[in-house]
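Visitor: Each chain, letter by letter, is given below.
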Amino acid sequence: MILGAIYAIWVPKLVAAIISMGVIGFGLALAFMFLGAPDLAIVQVVVETFSLIILLAAIIKTSPKDTGDEKRPLRFTLYIGSIIFIATFLILFIRISRFLPAFGYPNLRMSADYISSGLSKTGAANLVAAIILNLRGYDTLGEATVLFTAVVGLIVVLRKIGRKK
Amino acid sequence: MIIKWIYVLPIILFLIALLGVLVKRNLIKIIISLTIMEYATFLFFALIGYRKGGMPPIEVEGVKSTIFVDPLPQALVLTAIVIGLATTSLLVAIAVRIYQKYGTFDIEKIKKLKG
Amino acid sequence: MSEIVRTVSKVFSPLIFLFGMYITIHGHLTPGGGFAGGIILAGAIILGILANGSGETRLLYKKNLSSVSEFSGILLFLVLASLGLVISGMFFFNFIGKGISFTIFSAGIIPLCNIGIAFEVGGAVSTIVLMLILFRKEEK
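Chains as they are written, first to last, in my numbering: chain V, 1436 to 1600; chain L, 62 to 176; chain G, 19 to 158.
Do not take every clue at face value.
Not everything, but these chain L residues come out facing chain V in the computed CB check (under 8 Å) [what the hints assert, rightly or not]:
id, residue
1, V69
2, F105
3, G110
4, R112
5, K113
6, M116
7, I171
8, K172
Since the hints were derived computationally from the structure, they do not count as laboratory data.
A virtual CB, placed ideally from N, CA and C, is assigned to each residue, including glycine.
Model the full assembly from the supplied sequences, consistent with the hints where possible.
Guide: What follows is the structure in structure tokens.
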């Protein structure tokens, strides 16, 4: 997936970058399946398809004359500053990752209740659905609000300008 | 010093995409890099919740006390995936409007035009 | 698009719709739930749009059905949550009661919430794609 990301960011043509982003998304869905999360795999596959459709619609609707970057002078200060920032971030993260739990033995302090009493408290067999709709319902309410607001914002941005005569 | 490589790999993906956001000029490339940053975050969360020898967190009739994968990060990531779709669509709508007004996707030219 | 694509899309679009409803209603028994089912419902509508082209869609797009569906989905969710508030003192209280586990009519308020969320997400995604496709190049 890292190779796919490097290709997607630095390839000149835009359509190739979008297709490679689709490949990364499907690789992520495969990783979700291997890590024991079938819910996430279903949602990730479908959302990835719609993201590709939306991005392609943007390119087709505007039809720029150049579907890519041109040759330009390198901006050295920008490159060097960002590479220093990223190197610092990486070194700090490697220092901190000593405190993360070992892979495969998670720290189940919060979810021990959810797993042991999920079925008896809610009566639902799917524990993830029981968590997002019953035990932590506020998060789902917030997410529905965010989605709704995003669609309202999109309609406002894409409105036709002009009045009826 | 022991490095847990399995946790460092999504962070490397995140940082490569962050480099893309800072450096690239084309607006669509910036949107693609933002989406890849989000995917790296989801991968990191899913890796934290994995349990060795665990089943997916769905109870089956008549089978009790199996070892489950942690369901709490999965609930968080499920919400986050849909929010990522909403964010990407709004960014694309704004990008289409910007193209209509300035005629280009290049952010250096947009800074100069300021129409 | 050619004749074959249009005819095949007419056959497959109701099947995808049915599949989306199946995943939504069985959301508390098998993986899936409201979000996955809702997005698959939007996929059925978008298949019809993409196969017929944007010219015909502009003719057929009537009164904003997708926005109404999105409104009603989130309204249903809020109504169910507030009913929990009215009946006993807590917001989101599960007032229908747990039935027999592992059947469809179990788990109280959860299947109804799944249906509400499916309408909301399906309406939102199809509204997004419709607005981006019907957007015409305007001169000011």
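Visitor: Identify whether the interface hint at L/R112 stands, where standing means a beta carbon of chain V within less than 8 Å of its own.
Guide: holds, 6 Å
Visitor: Return the status of the interface hint for L/F105: holds when the least beta-carbon distance to chain V is below 8 Å, violated otherwise.
Guide: It is violated, given that the least Cβ distance between L/F105 and chain V is near 10 Å, above 8 Å.
Visitor: Restraint: L/G110 near chain V, CB-CB cut 8 Å. Satisfied or not?
Guide: holds, 6 Å
Visitor: Regarding the hint that L/V69 lies at the interface with chain V, is the smallest CB-CB distance below 8 Å?
Guide: Holds, because the Cβ-Cβ distance from L/V69 to chain V comes to roughly 6 Å (cut-off 8 Å).
Visitor: Under 8 Å, Cβ to Cβ, is where L/K113 needs to be relative to chain V, so tell me if that hint holds or is violated.
Guide: holds, 3 Å
Visitor: Can L/M116 be said to touch chain V, with a Cβ gap under 8 Å?
Guide: Holds - the Cβ of L/M116 comes within 8 Å of chain V, reaching about 7 Å at its closest.
Visitor: L/K172 was flagged as interface toward chain V. Is the shortest Cβ-Cβ separation under 8 Å?
Guide: Since chain V brings no Cβ nearer than about 13 Å to L/K172, farther than 8 Å, the hint is violated.
Visitor: Does L/I171 pass the interface hint, meaning its C-beta sits closer than 8 Å to a C-beta of chain V?
Guide: violated, 13 Å
Violated hints, listed in ascending order, are 2, 7, 8; each of the other numbered hints is respected by the structure.
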